[in-house]
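2 protein chains.
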Amino acid sequence: MRAAGEPDRRKLIAAVLGERPADLSIENVRLVNVITGEIYPASVDIAEGIIILVRTEGEPGPEAKERFDGGGNYLIPGYIDTHVHVESTMMTPENFARAVIPWGTTTVVADPHEIANVMGVAGVQFMLESGRRSPLRHFVLAPPCVPSVPGLEESGAVFTEKEIGRLLDEPGVIGIGELMNYLKISQGDERMSRIIAEGISRGKFLQGHAPRLQGRRLAAYRLAGPQSDHECRSSGEAAEKARLGLHINLKTSSLSNHLPEALMGIQGQRWRDNVSLCTDDVHAGVICREGHLNRVVAKAVGYGADPLEAVRFATYNGAREYGFEDLGAIAPGFAADLQLVEGLNGCRPLAVWIGGKLAAREGEMVMDWESGPAEPFCPPKLAYIRSEEDLELAAPAEGGETLVIQSRADGPFNRAAYERLPVRGGKVVIEEDPDLAWICVCNRYGKEQKTIAPIRGFGSVSGAFGATVAHDSHNLVLIYRDPADALLAVKKIQEMGGGMALAEHGRICASLPLPAGGLMSFCRCEEVAAQAERLEQALKEKWGNVWLLKHATAALPVLPGVLITDLGIVDGDRQEFLPQFRIPG
Amino acid sequence: MRAAGEPDRRKLIAAVLGERPADLSIENVRLVNVITGEIYPASVDIAEGIIILVRTEGEPGPEAKERFDGGGNYLIPGYIDTHVHVESTMMTPENFARAVIPWGTTTVVADPHEIANVMGVAGVQFMLESGRRSPLRHFVLAPPCVPSVPGLEESGAVFTEKEIGRLLDEPGVIGIGELMNYLKISQGDERMSRIIAEGISRGKFLQGHAPRLQGRRLAAYRLAGPQSDHECRSSGEAAEKARLGLHINLKTSSLSNHLPEALMGIQGQRWRDNVSLCTDDVHAGVICREGHLNRVVAKAVGYGADPLEAVRFATYNGAREYGFEDLGAIAPGFAADLQLVEGLNGCRPLAVWIGGKLAAREGEMVMDWESGPAEPFCPPKLAYIRSEEDLELAAPAEGGETLVIQSRADGPFNRAAYERLPVRGGKVVIEEDPDLAWICVCNRYGKEQKTIAPIRGFGSVSGAFGATVAHDSHNLVLIYRDPADALLAVKKIQEMGGGMALAEHGRICASLPLPAGGLMSFCRCEEVAAQAERLEQALKEKWGNVWLLKHATAALPVLPGVLITDLGIVDGDRQEFLPQFRIPG
Chain A
91 MRAAGEPDRR KLIAAVLGER PADLSIENVR LVNVITGEIY PASVDIAEGI
141 IILVRTEGEP GPEAKERFDG GGNYLIPGYI DTHVHVESTM MTPENFARAV
191 IPWGTTTVVA DPHEIANVMG VAGVQFMLES GRRSPLRHFV LAPPCVPSVP
241 GLEESGAVFT EKEIGRLLDE PGVIGIGELM NYLKISQGDE RMSRIIAEGI
291 SRGKFLQGHA PRLQGRRLAA YRLAGPQSDH ECRSSGEAAE KARLGLHINL
341 KTSSLSNHLP EALMGIQGQR WRDNVSLCTD DVHAGVICRE GHLNRVVAKA
391 VGYGADPLEA VRFATYNGAR EYGFEDLGAI APGFAADLQL VEGLNGCRPL
441 AVWIGGKLAA REGEMVMDWE SGPAEPFCPP KLAYIRSEED LELAAPAEGG
491 ETLVIQSRAD GPFNRAAYER LPVRGGKVVI EEDPDLAWIC VCNRYGKEQK
541 TIAPIRGFGS VSGAFGATVA HDSHNLVLIY RDPADALLAV KKIQEMGGGM
591 ALAEHGRICA SLPLPAGGLM SFCRCEEVAA QAERLEQALK EKWGNVWLLK
641 HATAALPVLP GVLITDLGIV DGDRQEFLPQ FRIPG
Chain B
91 MRAAGEPDRR KLIAAVLGER PADLSIENVR LVNVITGEIY PASVDIAEGI
141 IILVRTEGEP GPEAKERFDG GGNYLIPGYI DTHVHVESTM MTPENFARAV
191 IPWGTTTVVA DPHEIANVMG VAGVQFMLES GRRSPLRHFV LAPPCVPSVP
241 GLEESGAVFT EKEIGRLLDE PGVIGIGELM NYLKISQGDE RMSRIIAEGI
291 SRGKFLQGHA PRLQGRRLAA YRLAGPQSDH ECRSSGEAAE KARLGLHINL
341 KTSSLSNHLP EALMGIQGQR WRDNVSLCTD DVHAGVICRE GHLNRVVAKA
391 VGYGADPLEA VRFATYNGAR EYGFEDLGAI APGFAADLQL VEGLNGCRPL
441 AVWIGGKLAA REGEMVMDWE SGPAEPFCPP KLAYIRSEED LELAAPAEGG
491 ETLVIQSRAD GPFNRAAYER LPVRGGKVVI EEDPDLAWIC VCNRYGKEQK
541 TIAPIRGFGS VSGAFGATVA HDSHNLVLIY RDPADALLAV KKIQEMGGGM
591 ALAEHGRICA SLPLPAGGLM SFCRCEEVAA QAERLEQALK EKWGNVWLLK
641 HATAALPVLP GVLITDLGIV DGDRQEFLPQ FRIPG
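Those protein sequence lines, which keep their order, are chains A and B. Each residue of the first sequence is one higher than the one before, counting from 91 in this note's numbering. Each residue of the second sequence is one higher than the one before, counting from 91 in this note's numbering.
Please note that the accuracy of each hint is not assured.
Which copy? The list can't say, so a pair holds if one copy fits it or any two copies do.
Said to hold, decoys possible - Straight-line C-alpha distance at most 20 angstroms; calculated DMTMM-like pairs for lysine to aspartate or glutamate:
#, residue 1, residue 2
1, Lys630, Glu280
2, Lys155, Glu138
3, Lys537, Asp523
4, Lys632, Glu109
5, Lys294, Glu415
6, Lys294, Glu96
7, Lys274, Glu260
8, Lys537, Asp371
Keep in mind the hints are simulated off the structure, nothing from the lab.
Take the sequences, apply the hints, and build the full model.
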């Protein structure tokens, strides 16, 4: 598959033979050949967006309309992010592109899983269209787990094989996104088999997601079809997955960082051709300050990867994973997606070209385009939350113990235990215990259903925090001590058309509007980062060591541990509901 | 692309989870993981022809219908020959399969270029059908150069983009075969561009062939589309081609061996993921005695390749070259094409499985099938060669010098020079000069056209040798001193329905019938080898150091140097005819 489309090959041949001028010659560089692992002085000639010739130093080049002096720096291919949820940056794809291109990313394979849960096929189409405005090569995978676990939650859309098939036929959709329902998939689940079959029959890529899976279960998962994994949590897991031929996407996201363990697992192996890099979920602020895939390159090098090989992970290996035959290397026939860098350690590039055109220089975009319309869409439907009482937990008449979710500081996955909590006026109350707060998940897509539960260990909760970003259903999640503040946060979020708000003592302290489906802003990276950081700062000041999306991982029923959805409290390991109350016997 | 077709994945999952028995467990092996470069003790479970689980030693396996004790030997994937002309073995594909499977070859990507030149699409279909009878995974590339250079020769068929497109839509045809007309292709030739476009539009593989091409010409060739090369003749050429991302098919054929040079070129590079192995043209006798792709593995190891990496070249890298996602490695989801070997040096395997079924053991096939019909087809049309006079060279009335082809002992490519030769009775005569012989190429497809020329340095020619095997047109080639013996050879070849014959003093000394299109026998490997060796022996006894297909390389106008076709004498470097006589001025 050619990411850059089919060129006019006879024009390229004419240019290399000197019968017509090249468009650009990048001269005087140390060329990093990620195919063979060699670095040598060279010049690179480009025509029609394609590399037509790599010349060794001194060899005369074809006539070129423009020349660029590389000043003896390294020339490497543009980076390829093999797994990213653009929505997690809270930017639209075109603004995401403006933010990441200056850091050397020229291609992303995005799983628009979040917006698909909010608004189905139309959401994916929004991402495709927004992505097409920018020069970033923005490829999309059709998200298969919408919702992540049917029956355990309700989101804004339900994808069957029909929707997946329809998306797979859209231009720019190159596979099926992360097949995260690994328990069902490794059991040969009927629904997932039908979805996977849509990808297989079209010869499309199947992206995996199988945290902690090893042995027979992992083999079963692999046999079902998935071809990659970005969830290795230990070195043994990474080594085993590599032995299976799975593509290993090493990641450094804003939510987790198991890169050192995964890297250790594969460093003992002789060949690592199937290792690539990804960011998964990364915040706008991190992109502003530290960058994007270059940051993963830097981390890998920091943890002991050879710099040249780290660049290979980020370029050639990513291209091969998806079968992009024209990306990820510097040789005739490859797209001229290039970056000039002072070192192979993930530093910010001096210049970035996409399709042979200068896109960014010294960290600033030099390429621009007309932005898409900034019209809000898919506002949250929360009018059914009318009063404080709607946010209180009614105790059962027969009494008994209440299931309390336990947010764990020492691990990513929540647990739960039944506790005898005080009841007043028919309501469970938590006032006396400063470690307790409420967590509430409210359907925001037109169904009047919600779950309220006590949660322990979340932080020094006061007032209320609410957000329409909560993986993967993106129902409204509220964390609060005070139902009145929670109601205020709900109203503010409704008014913004989606987003996040922190309320205390009857007043909104900070907020972040996300009018694009309740997930994304129309602002650019710096502005989104500033808004998010103001909100996070306020949260930290008031609640202690709480990060912005901590609430979000409590609501994803595909994770291990105990989760909460609009339909109830879920045992993620067994994928079944837990009763909210019990009479001890 | 799955070489073994789409499996019933839910059956595989059921087997790995122990819900139904596996078909076979191969236990107690040292598993060679060509993905990661590790070797470890393991057992392998197989169901439905697919590997479902690799267990480390001691780990209990699923119930299996059959168990095989590997005796602690190495288990490696079946070999993949990335470029072979099956016709050159003079066997049909099904008998070729019988010969090569016991040596560990389980997949070949064949270019049926020879039979296509003889009889067009029907020839390719014969190869596909014959191949389908055997368990060998016999994939085919559509031959693009039929004839190799239009206008310079006439063979039995002419392929335009129409025939190529038709073949590319046949099941089992996975790409376009060797694009050997590299001069024209690197100039953007119209006809070749149209043929290549048929492959590109279908996302099919484009096999290259670019001997001695480097620099701008090589870049131009690459830009035209070809993805591989099996013609590296020097280390610098191999290194450069590898840097371009071309797949390098290292070869040891019966015609040439540049493996040491090519290997040296890539050994200095850090990564060799695009290096695979091939046999190109190999004789039945060599297969009988030394094997097939294992022989190339052995040569590579002999010339300094690391044995584990040589196995990787012969398996995983070959699979990746063609995008066979289920071949070339031992892991869940891969086809159970396996071989048990005592060493990684290309030795004959103890056992070979294809699709999980035992195919050969200790060098003998244990799998058999009903052979296809042994009915001769496409007999040579040579009735127009009626008399000795038809095989003599008429001198021009105006006198002058005659072009004499010079067969070179010191290099593969012929030269030519004008010489003043005696003329008697209006004929050029060679009797006085023992170093001279006649070479004659006669169209055998219904056109009454031939070229006769003197040839120098071919050997101690006496009598006549004739053959319907002569790359690539496979017109009849005759080498002779005595036109009467040549006529006798023609008659014998006609009588056999194609083949080779050696005549002397009015008698046939040895012959080899090739009734399948004049290229192949219906006999099995040992018999074909015996017949060919008897013929070669007779040739050597009478003519000195002459190998069987020496005549064939004189008739391929795509080669450099001077060639002879049914239409005239050709300057291969310029691709134009040379006048057969000249008046010195």
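Margin query: For a quick check of understanding: which of the numbered hints are violated here, in increasing order?
Written below: The structure breaks hints 1, 3, 4, 7 and 8; every other hint is satisfied.
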